[in-house]
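Taken in order, these protein sequences are the chains called A and B.
Numbering-wise (the numbering used here), the first sequence opens with residue 6 and increments by one.
Numbering-wise (the numbering used here), the second sequence opens with residue 32 and increments by one.
To be clear, the hints were calculated from the coordinates, so they are not data collected in a lab.
Glycine included, every Cβ here is placed at the ideal spot set by N, Cα and C.
Any given hint could be a false lead.
Covered stretches of chain B, going by a simulated chain A footprint (3 or more residues, C-beta under 8 Å) [said to hold, decoys possible]: (1) 323–331; (2) 567–579.
With a straight-line Cα cutoff of 16 Å, these simulated EDC-like cross-link-like pairs (lysine to aspartate or glutamate) come out [what the hints assert, rightly or not]: (3) B:Lys361 to B:Glu400; (4) B:Lys313 to A:Glu12; (5) A:Lys15 to A:Glu88; (6) B:Lys313 to A:Glu83; (7) B:Lys313 to A:Glu88; (8) B:Lys313 to A:Glu11; (9) B:Lys374 to B:Glu412.
The following residues of chain B were derived to be distant from chain A, with all beta-carbon distances above 10 Å [unchecked claim]: (10) Thr105; (11) Asn349; (12) Phe388; (13) Arg393; (14) Gly402; (15) Leu485; (16) Tyr500; (17) Ile547; (18) Gly564; (19) Ala594; (20) Thr596; (21) Pro600; (22) Pro613.
Letter by letter, the chains look like this.
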Amino acid sequence: MSKSFEEYWKKNLTLIGVLLAVWAFVSYGLGILLVQPLNSIWIAGFPLGFWFAQQGSIYVFVVLILIYCVLMNRLDREYEVDEQ
Amino acid sequence: MSILVWTYIMVIFTFGLYIFIAWRSRVKETKGFYVAGSSVPPLANGMATAADWMSAASFISMAGLVSFMGYAGTVYLMGWTGGYVLLALLLAPYLRKFGKFTVPDFVGDRYYSSTARVVALICAIFISLTYVAGQMRGAGIVFSRFLEVEVSTGVVIGMTVIFFYAALGGMKGITWTQVAQYCVLIIAFVLAAGALSYKLTGIPIPQLGFGSTLVEGERAGQYVLRAIDGIHEDLGLHRYTEAFHPEGMGMLSVFSITLALMVGTAGLPHVIIRFFTVPSVKAARISAFWALLFIAILYTAAPTVAGFARYNMIDTINDTPYTEAPNWFKNWEQTGLVAWVDKSGDGIIRFRAGNPFVGAPRFTGELGEYGQRLISNELTETDNELYIDRDIIVLASPEMGNLPAWMVGLVAAGGLAAALSTASGLLIVIASSVSHDLYYRIINPQATERQRMLVARIMIAIAVIIAGYFGINPPGFVAEVVAFAFGLAAASFFPVIILGIFTTWVNREGAIAGMITGISFTMLYIIQTKFMGMDPWFFGIVPEGIGTVGMLLNVIVTLVVSAVTKSPPEHIRELVRNVRTPRGSGEASGH
Chain A
6 MSKSFEEYWK KNLTLIGVLL AVWAFVSYGL GILLVQPLNS IWIAGFPLGF WFAQQGSIYV
66 FVVLILIYCV LMNRLDREYE VDEQ
Chain B
32 MSILVWTYIM VIFTFGLYIF IAWRSRVKET KGFYVAGSSV PPLANGMATA ADWMSAASFI
92 SMAGLVSFMG YAGTVYLMGW TGGYVLLALL LAPYLRKFGK FTVPDFVGDR YYSSTARVVA
152 LICAIFISLT YVAGQMRGAG IVFSRFLEVE VSTGVVIGMT VIFFYAALGG MKGITWTQVA
212 QYCVLIIAFV LAAGALSYKL TGIPIPQLGF GSTLVEGERA GQYVLRAIDG IHEDLGLHRY
272 TEAFHPEGMG MLSVFSITLA LMVGTAGLPH VIIRFFTVPS VKAARISAFW ALLFIAILYT
332 AAPTVAGFAR YNMIDTINDT PYTEAPNWFK NWEQTGLVAW VDKSGDGIIR FRAGNPFVGA
392 PRFTGELGEY GQRLISNELT ETDNELYIDR DIIVLASPEM GNLPAWMVGL VAAGGLAAAL
452 STASGLLIVI ASSVSHDLYY RIINPQATER QRMLVARIMI AIAVIIAGYF GINPPGFVAE
512 VVAFAFGLAA ASFFPVIILG IFTTWVNREG AIAGMITGIS FTMLYIIQTK FMGMDPWFFG
572 IVPEGIGTVG MLLNVIVTLV VSAVTKSPPE HIRELVRNVR TPRGSGEASG H
């Protein structure tokens, strides 16, 4: 396989890694592991840990997928592996 | 007009719509039947996936569960949404590029083995059958509560409608009816949630109202969640937002269940095959985004319904004389989902910690001093006098929010849409697994297009009948088997698909050994702890979360066995490299 394919795949894996790190940090980190300390902080009407667990993490999931779509489509064009 | 009349109007209108759509999208060839000709636009596929995913459990039961669990309800909220990130980043684009009809198709081809295909096929059928039985039951319950027909009549009506559009239009018919069903269910849910929010906080958007202040009552001016926490403390209960309190789940349980549900979501065949129906890899990616966005609308509204209903219920019922209880309370008492037992003998309803009596209410048929329905259950030691079934939280929310009768009818139609859309998605998995993977790919590879279509339609009929049977005669463990479906999906498909895409060297022997280890361990653990009364022996992990461990075992076994056995042939390595880039995706093909 050509060098550019290896490069494309490596960039793809890096992107997936970064996005999944955010995914895990928000849901398992803020929503579960750190929920008790975060719950002592209230922002507007929400204890922060509870908000991340039942609202915030879901919004972040949606945004993560959107970022992935935009960046992957760009990467496809850059390496000329997009569908024509 | 009465609630009953409005409910009939809503249900008949929506069913008519589904049948009309099905007739318009009937198909003649297998490609249309299995993957809707791979021509579904991403936005529509997003809606169809959302309806496919959100079952009777999401629509009817989830907000109620969260309402009773407080913080711990998070396992469902995050668990049933977070899997879409895995699906979008790790599975959907590559499986679309692979371009076949079913999940066992991928497993069989990637691992160049009929054995792997058959193992995958059995998992797919088992997972889908356990899941579909619950859906038919859900449809039956909505029919019986709102349309006042027998549960079994309701199930038969639901079966007939599903059979009609699934057999006629296959995946194409199902997809377009699911789009309509999504619209019905989301409008119903959001209107009900919005009305409750408006009533309590003056803000019609529930996600915002949940974080603002109450407009009336003793606690007016307090933040909603502060008020809910406050009334819980007054009643001697743990605060609603408190995590890991001794009467709820510990951190390990919350963690493992959330992970098992997320990974299970990404491994469920009826969700995965939705991504075979779009025209390109790019479309598969963006339709995962649409799907989660549409799901998130309901999943961020559900915890607000849970909180609002919790507050409203305690606020309007607790320490209120029975004779002055709101109308919805008495309406739902008639259905047996609410019961009050006057332990203190003063005619006042007291809601406290613990169960009021043992088990579900058994009514004696007589009325008490205040007109309440008497029960014959053994009473508990607690001061609590109130029994509330979790399922009424969503179903009663329009009445709690003083919504007009037509809204109540719409919520009933929404519950039916949720149940029917999921059931139909599962039936197509069962039908395509048998007719495509078993009949065409293994038993009779020379089968003509006509023969394959006939087998697929016969399989739909058989699956509908089996699902309907379990809907009418539910095995006592229907709720329990849901843990099975997610645990098995997490422990079987997910690791094998991911490793099949992200490594070139994982081989046939590894995948088969991994799947069998993952499934056997998970199944054994669930059977031991759920049905044989054993204690959760693996680090105290509850059976609902054991899929996480099964998945890890699967990965380890697959990697170790692959490392010590013969590596896959060159054409398989080529196949893996090919699925990694979108170019040349083309249409799904059966050959």
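These are the hints, each one checked on the structure:
1. 323–331: Coverage by chain A holds here, the residue count being 5 at a Cβ distance below 8 Å.
2. 567–579: violated (count 0)
3. B:Lys361 to B:Glu400: Within the cut-off at roughly 15 Å; holds.
4. B:Lys313 to A:Glu12: 20 Å, violated
5. A:Lys15 to A:Glu88: Violated. Lys15 (chain A) to Glu88 (chain A) sits at ~20 Å, over the 16 Å cutoff.
6. B:Lys313 to A:Glu83: 15 Å, holds
7. B:Lys313 to A:Glu88: Holds, because 8 Å separates the two Cα atoms, which is no more than 16 Å.
8. B:Lys313 to A:Glu11: Violated, because 20 Å separates the two Cα atoms, which is more than 16 Å.
9. B:Lys374 to B:Glu412: Distance ~10 Å between Lys374 (chain B) and Glu412 (chain B) Cα, so the pair holds.
10. Thr105: 4 Å, violated
11. Asn349: 22 Å, holds
12. Phe388: Per Cβ check, Phe388 (chain B) is outside 10 Å of chain A; nearest 31 Å; holds.
13. Arg393: Consistent with the label, Arg393 (chain B) stays out of reach of chain A, its closest Cβ about 35 Å off (over 10 Å).
14. Gly402: Fine: 38 Å to the nearest Cβ keeps Gly402 (chain B) off the interface.
15. Leu485: Holds, since 34 Å exceeds 10 Å.
16. Tyr500: Given that every Cβ of chain A is farther than 10 Å from that of Tyr500 (chain B), nearest at about 36 Å, it holds.
17. Ile547: Correct as stated: the minimum Cβ-Cβ distance to chain A is 28 Å, above 10 Å.
18. Gly564: 29 Å, holds
19. Ala594: For Ala594 (chain B), whose nearest Cβ neighbour in chain A is about 21 Å away, the distance exceeds 10 Å, so it holds.
20. Thr596: Holds: least Cβ distance 24 Å, greater than 10 Å.
21. Pro600: Consistent with the label, Pro600 (chain B) stays out of reach of chain A, its closest Cβ about 17 Å off (over 10 Å).
22. Pro613: Answer for Pro613 (chain B): violated, closest chain A Cβ roughly 5 Å.
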